[in-house]
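Q: Sequence:
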Amino acid sequence: MKKKLLLISLFLVNSYILLDVSEAHAETTSQAKSLNSIKFLEGGSESTNPVNPIDPDLPVEVDPVDPNNPGTNNPGPLSIDFISNIQFGNNKINGKDTVYSALNKSPYVQVTDVRGTEAGWELKVAASEFTSTENPKDVLKGAELTFKNAAVKSASKGNVSQPPTSSDVTLINSDAQTIMNADENQGSGTWLSTWTANSEVNENVQLKVLSGSAKANTEYTAELNWSLSDAPK
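Numbering (full-length UniProt numbering), first residue to last: 1 to 233.
Simulated from the structure, these hints should not be mistaken for lab results.
You can trust all of the hints, since none of them are fake.
Just the calculated beta-carbon pair ranges, DEER-fashion:
| hint | residue 1 | residue 2 | range |
| --- | --- | --- | --- |
| 1 | SER132 | ASP97 | 15 to 21 angstroms |
| 2 | THR178 | LEU41 | 25 to 31 angstroms |
| 3 | ASP55 | ASP97 | 33 to 39 angstroms |
Okay, derived cross-link-like pairs now, BS3-like style, lysine-lysine, Cα gap no bigger than 30 angstroms in a straight line:
| hint | residue 1 | residue 2 |
| --- | --- | --- |
| 4 | LYS137 | LYS124 |
| 5 | LYS137 | LYS92 |
| 6 | LYS92 | LYS215 |
| 7 | LYS208 | LYS124 |
| 8 | LYS92 | LYS105 |
| 9 | LYS148 | LYS92 |
| 10 | LYS208 | LYS105 |
Ideal Cβ placement from N, Cα and C applies to all residues, glycine included.
Work out the full structure, taking the sequences as your base and the hints as a guide.
A: As C-alpha cells, then:
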C-alpha cells in the first residue's frame with residue numbers, strides 16, 4: 001500500500017514539474033494589432049434645451065417668477081439656448097434713488113458651442129430704456145440694470161474644455177457690453193452664467209431707479225438684446 005502511495009506521489013510531482021517547465025519555456029508564436037477609430041463632425045442645427053441652473057444633472061424646475069419661458073429654441077452649432085426674463089415686482093414710490101433686487105432666485109443665460117473648433121465666442125448684451133407699457137414717452141430716466149457675481153458652470157460635469165469667463169455689467173444706455181467670453185480653447189459644450197440669490201432677494205441682479213422718474217400705477221419694461229459672435233473679444 002505504501003509503495004502505491006509513493007508511486008502516485010512521484011507521478012504527481014513529476015507531472016507538476018513537467019507542466020511547470022513546459023509553461024516556462026512557452027513562446028509567443030503569433031501577434032497581431034487591431035485598429036479602433038471614431039470620427040467627429042460639427043454639431044448639427046438642432047436646438048439645445050435649457051438645463052437646471054443650480055445642478056445641471058437635475059431636471060429643470062419652472063421658475064415661478066418666469067414660468068412661461070421655454071428657452072429660445074435657437075439652432076446650433078453655436079447658440080444662445082436660454083435667457084431668464086427678470087422681474088422686479090410691485091414697489092412703492094419713495095423720495096430717493098432706490099435699488100431694487102430681482103425676484104428671480106436663479107436667473108441665467110445658457111450658451112452652447114458644438115462647432116468642434118475651440119475658436120471661442122463672445123456674448124454681449126444691451127438694454128433699451130425702461131418704458132411705460134401705456135405711454136412710450138414715459139421712461140425711467142437714468143435707470144441702471146446691473147448683473148454681477150455670476151457663477152459659470154458646465155451642463156456636463158465631465159466637460160474637459162476650459163470654462164468661459166463672465167463679467168459684471170451695468171447697463172445704462174443702449175451700448176452692448178460683454179457679459180460672457182470664451183477665448184480660444186475655451187467654452188466648448190454647453191455653459192451657463194448664473195446669478196443665484198444668496199438670500200431672500202437677489203442682490204446679484206439689481207435695478208437702480210432715480211428719484212422722481214417713476215409714475216404711480218405704471219408698469220415699465222426694458223428689452224435686453226443678447227448677441228453671440230463666433231469669435232472671442
